[in-house]
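**Q** From these two lone chains plus the hints, build me the complex, please.
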Amino acid sequence: MLGPDEDLDILIESKDHVNILRHLRSKKVRNPDLTLYHGKALLGGDKLDKKAGFLFGDDESTRLAVLEQICLSALDVQDHTLANTCLSQLRASIGNESIRFRMLLARCLEAGGESEKATTIYDEVLKTHPANLLALKRKYCLAERTKDRMESLNLYLEQNASDAAGWYEMSKLRKDMGDFAGAAYALEEVVLVCPVDAPAHVALAEAYSTNGDLLLARRHMAQALELDPNNKRALFGLIMVSNDYLENSSSKSNKNKKQQQNNNNADNEHEIEVAKELIKYGANALLTA
Amino acid sequence: IFTRERQRTMRSEKRNVEVSSESFVSMAVHAGQNATTVVHGILMGHFDQKITKIIKAIPVCHETPTKPLLQTALALASSADQGMVVVGWYIAPEKLDDKNPGPVPLRIVSNITTDEYEPVLILLDNDALVACLTGEAQKENVVKGFVKDFGQQWLEPVTLRISDEAKAVEVARSAFSDGIQVVDLTDHFEDSTRDWSVNSALTTYVAKLIN
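So the sequence lines, in the order shown, correspond to chains A and B. Just so you know, we're using the numbering used here here: the first sequence kicks off at 238 and counts up by one. Just so you know, we're using the numbering used here here: the second sequence kicks off at 117 and counts up by one.
Same shape as in the complex, but just chain B (with noise of 0.2 Å):
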C-alpha cells in the first residue's frame, strides 16, 4: 500500500524498460506479417525496482482498436496471469515514413495506467522494422519506448534495451522469412481454432532459435 505522495514518486521517477527477445520478435513478426495495416498489442512482464520488464507481446489487432475489443483482450490477457501485468502497449504505424503513434494508442496507454506504475509505450519504426526483417544494416533502433512527459502525453522518450538484441534481430528475421504466423485477437476471432494468447508455433520457434 503506497501513500499518494509515495505513488505520484513512483510514477514519476525515470524507469529504463528492458524488452525480452520473445517480445521483441512477436512485436516484429506481428508487425510484418501486416505490412499495410497498423498493429497494436499488449506488453505483459514485471515493474521491478528501476526497470519495467517487457517479457511478453501479446497481439491483438491489425486495425485501430475500439473500445469492446480492447477491454476484451485486456481481460483475456490478464486472466492468463502468468504471474505478470500488464506494462505497456505496442504500435507499429500503417505508413512507412510514421514516426508518431497517433491519437488513439496515446489514448489507451492513458487509459491503463494504475495508481502504482505508468505503462509505456512501445512504437516500432517502420524503416528499421524493414531492414531488420529483409537483413539490410540497421540505422536506427526498431523499438522506441515513451512515457508520460510534462504534457501528461506518452511522448518522453525513455531508455530501452532488449535482451540479446543480436540474437533477437536474427530470429525475427528468420521467423519472418520462414512465415512463422502470429495470431492476434481479431484473426482468432475470425477462425477461433488459432490459438492467439499462446501463440505457441512462435513461443517454439523463438525458444529453439534463442537457446
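If we strip away everything but chain A, and leave its shape as in the complex, we get (with noise of 0.2 Å):
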C-alpha cells in the first residue's frame, strides 16, 4: 500500500488523493494547483461535502486538515468563494472557537483586504496564546509603517531567536532604514544559525563596510570565498573592501607621521601587506573566472 512517503510522482500516477495531500502537507510544498485538483477530487468537487468514508478510514481528522490545506490554497489562487466553502465546512465540524479555525479565518479575511479584522484576530489569538509564531508573523506582514514592522518583528524574534530567515528579513527593515549597524547585528545573528551560507557572510560583510568596519568585512568577504571562490560578488566585495582599508591607512599615516613610533604600526603594516595581496587575489581570481 502506498503512503505519504512514497514519491509524488507515483502517487500522482496511482491518483492516491489521501496520501497526495498528506505528501504536499508533510513536505511543505506550496502548490495551490495540485491541492486544488487532489482536494476537490477528494471531497466531491466545489461543494466539498464528501464526508467520512472508506477513503478517510473514518478519520474525521484527515478530513479537516485537507479542508484547511483546501482552503489555504483557494487563497493562492483567489478563489474566495472555495475559500469560504472551507470555512464553512470546518466551522459545522469544530465551530467558531478554535484557535486554529481562527487564524484560517483570519488568512480568508487578509486575502480579503480586510486587514484591520485580522489584526483583531491576531491579537485576540496573542493574548491567550503570546508565543503563537505564525500570529506573530502575520502581524508582521500585514503591518504598515516601519516602526510597527520593526515592533512586530522584534516581538517574534523574541520568541524565535533562531529563525535565520526572521533575522535576514530585520537586516532589510533596517537598511531599509539606512541603520547598518543594526543591519549587521541582525546579519549576524543569521550567520551564527548558517555559517557555512556565502551570502549571507557577503551580506554581512557589506554591512559592516558600510558601517566603516573594514577589518571585519574583509574576513566575512574572504569567509564567503572559501565558502564558495567563485562568489562574484564577493570577488568584487573583497577588491572593494581591501582597496577601502588601504585608503583610510593611507590619509591616517599621513596625519599621524608624528606618532609612527607606536607598536600598532607593525600591525597596520601587516594589515596593510594582507589588503594589497588581497586584491591581487581578488583581481586574479575575476580575470581568470
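In short, the hints are calculated from the structure, not lab data. No false leads were slipped in.
Straight-line C-alpha distance at most 20 Å; calculated SDA-like pairs for lysine to any residue:
hint, chain 1, residue 1, chain 2, residue 2
1, B, K211, A, R386
2, A, K469, B, A196
3, A, K384, B, T153
Since the structure is predicted, the reported quantities are computational estimates derived from the model, not experimental observations.
**A** Quick look at the structure:
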C-alpha cells in the first residue's frame, strides 16, 4: 500500500488523493493547483461535502486537515468562494472557537483585504497564546508603518531567536532605514544560524563595510570566498573593501606621521600587506573566471 | 578648471533635466519586473549648458544597496566610458504609495556629487508606473526629478522632460508586456552569463520600436 513518503510522481500516477495531500502537507510543498485538483477530487468537487468513508478510514481529522489545506490553496489562487466553502465546512464540524479555525479565518480576511479584522483576530489569539508564532508572523506581514513592522518583528524574534529568515528580514528593514549597524547585528545572527552560507557572509561583510568596520568586512568576504570561490559579488566586494582599507590607512598615516613610533604600526603594516595581496587575489580570480 | 566661486555658481544654477526615451524605458521596465522590491540604478549622460542630459540608465540592484555594491557599480559604469559621466541616481520605492526617496538614495546621491556639478535624483512614482505599464490613463508623471535644496537634501523638484514621451511610454508598456528582461548588477552576480551594463536585449528592442 502506498504511503505519503512515496515519491510524489508515483502517488500522482496512482491517483492516491489522500496520500498526495498528506505528502504536500508533510513536505510543506506550496502547489495550489495540485492541492486543489486532488482536494476537490477527494471531497466531491466544489461543494467539498463528501464526508467519512473508507477513504479516510473514519478519520475526521484527515478531512479537516484537507479542508484547511484546500482553503489555503484557494487563497493562493484568489478563489474566495472555495475558501468560504472550506470555512463553512470546518465551522459546521468544529465551531468558531478553535484557535486553528480562527487563524484560518484571519488568513481569509487578509486575502479579502480586511486587514483590520484579521489583526483583531491575531491580537485576540496572542492574548491567550502569546507564543503563537504564526500570529506573530502574520502581524508583521500586515504592519504598514516601518515602526510597527520593527515592533512586530522584534516580538517575533524574541520568541524565535533562531529563525534565520526572521533575522534576515530584520536586516532588510534596518537597511531600508539606513541603519547599517543594526543590519550588521541582524546579519550576525543569520551567520550564527547559517555559518556555511556564503551569501550570508557577503551580506554581513557589505553591512560592516557600509558601517566602516573594514577589517571585519574583509574577514567575512574572505570567509564567503572560502565557502564559494566563484562568488563574484564577494570577489568584487573583497577588492573594494581592501582598497578602502588601504585608502583609510594612507590617509591616517599622513595625519599621524609623528606617531610612527607607535607599537601598532607593525600590525598596521601587516594588515596593509594583507589588503594588497587580497586585492591581487580578487583581481586574478575575476580575470580567470 | 573652475574657481571656487564659479563652482558654487554652477552647482547652484537651476538646471533642467532631459531624460532619453531609452533610459525611461529601462527604468520603467526595471521597476516593473521587480514589483515587490525597491530598485536602484545609475544615470549616465552629460552636463550641458543648463541641461542635465540623461542618456542611459544602468540598473544596479533590486534591494537596498550597500557601499561595496555601490562602489563596484559606479566603477564598472564609469569605466565603460562611451563618453558619458555619472549624472544621477534613480530609485523606484518598494511600496506602491511611497512618494519619498528615503534616507539611502539621499545619502547615495550626496556621495556621488562632484566639485563641478550636482547629480539629479530621479524617483519613479509607482502609481503612475502601474498606469503606464498596464495601459491606463496616467494622472501623474512616472518620473520625478530632484536636486539639492537649501537643507542640503535632494528634495527640490526640478523640471524634467522625457524625449518623445508618448512613444517612450508606449515602448515601455510593450517591453514590459513582451517580457523583455532588464538585468541589473545583482542579477549579473548570480549568473555572469547575463549581460548587465549593455542590456542588449532591451537596447535592441527599444531602438527597433523608437526608430
